[in-house]
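Trainee: One letter stands for each residue in the lines below.
Number of protein chains: 2
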Amino acid sequence: MSTEWLDEIKWTDDGLVPAIAQDAETGKILMFAWMSRDSLKETIETKKAVYWSRSRQKIWRKGEASGHEQLVQDVYLDCDEDVVLLHIEQRGGIACHTGRQSCFYRKWQDGQWQSVEPVLKDPAEIYASSTKAE
Amino acid sequence: MSTEWLDEIKWTDDGLVPAIAQDAETGKILMFAWMSRDSLKETIETKKAVYWSRSRQKIWRKGEASGHEQLVQDVYLDCDEDVVLLHIEQRGGIACHTGRQSCFYRKWQDGQWQSVEPVLKDPAEIYASSTKAE
Chain A
1 MSTEWLDEIK WTDDGLVPAI AQDAETGKIL MFAWMSRDSL KETIETKKAV YWSRSRQKIW
61 RKGEASGHEQ LVQDVYLDCD EDVVLLHIEQ RGGIACHTGR QSCFYRKWQD GQWQSVEPVL
121 KDPAEIYASS TKAE
Chain B
135 MSTEWLDEIK WTDDGLVPAI AQDAETGKIL MFAWMSRDSL KETIETKKAV YWSRSRQKIW
195 RKGEASGHEQ LVQDVYLDCD EDVVLLHIEQ RGGIACHTGR QSCFYRKWQD GQWQSVEPVL
255 KDPAEIYASS TKAE
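Protein sequence lines, in the order shown, are assigned to chains A and B.
Residues 1 to 134 (my numbering) are what the first sequence spells out, left to right.
Residues 135 to 268 (my numbering) are what the second sequence spells out, left to right.
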């Protein structure tokens, strides 16, 4: 596969690009993460979201530990060529490592960040059968 | 106003946080930009989106040049406290400096990024009456 489309992206000095994952059906923003050149290429090829974990400094195949894979329907690039947007189907309905649907579960209300989304599954249960962190 | 909620955010080394602007009604992702501590504080206080322009290294009141202000309905914080999400009403229906509704107007199709959104207004016209860049 030609990879000219990868060269059009303005990668950070660390070789990354921010990626927003949005539920393709409801439009809900589920998470924000970073992608390396290799992870975006694999995302396009496999149609499953693959990120770069900055904390672990390695490729992060979303769902490898939790089972909560993200099936990618479409990928968009912004006007500055430095952010990508994924339209995804979220396996298990849980994107966040806290067991919530979305990572953006805190809302600014009355001068503080207040949790407005329920925990759908206990993280201990999500990661119980895995030795991998996510 | 107490600003403890600002201290909860994990700012980058440059003192910034990524911000995603989403249409509050349709759920469409309109743009991605960065905010400084002052710009997020002003956003909350004025209920209008205020960013930090990395290229110009200054506060950027969205719409100051284009008239395309973003009225902020809600602000969310993610699980890692390092990304904010704005639910906005986009004045003029145009968020992108190219004159399109959204900055994410290019879609990966057949091995390339293809423009899939129309230009709603000529940028020359948008910025004609202003001496400011945006």
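Just so you know, the hints here were simulated from the structure itself, not pulled from any lab data.
Worth double-checking, as some hints may not be accurate.
Claimed, not checked - In silico DMTMM-like pairs for lysine to aspartate or glutamate, Cα to Cα no more than 25 Å straight-line:
id	chain 1	residue 1	chain 2	residue 2
1	A	Lys107	B	Asp208
2	A	Lys41	B	Asp147
3	A	Lys107	B	Glu159
4	B	Lys162	A	Asp80
5	B	Lys181	A	Asp110
6	A	Lys58	B	Glu159
7	B	Lys255	A	Glu81
8	A	Lys47	A	Asp23
9	B	Lys192	A	Asp110
Trainee: Give a verdict on every hint.
Mentor: For each hint, the structure was consulted:
| no. | hint | verdict |
| --- | --- | --- |
| 1 | A:Lys107 - B:Asp208 | 7 Å, holds |
| 2 | A:Lys41 - B:Asp147 | 28 Å, violated |
| 3 | A:Lys107 - B:Glu159 | 17 Å, holds |
| 4 | B:Lys162 - A:Asp80 | 18 Å, holds |
| 5 | B:Lys181 - A:Asp110 | 14 Å, holds |
| 6 | A:Lys58 - B:Glu159 | 37 Å, violated |
| 7 | B:Lys255 - A:Glu81 | 21 Å, holds |
| 8 | A:Lys47 - A:Asp23 | 14 Å, holds |
| 9 | B:Lys192 - A:Asp110 | 28 Å, violated |
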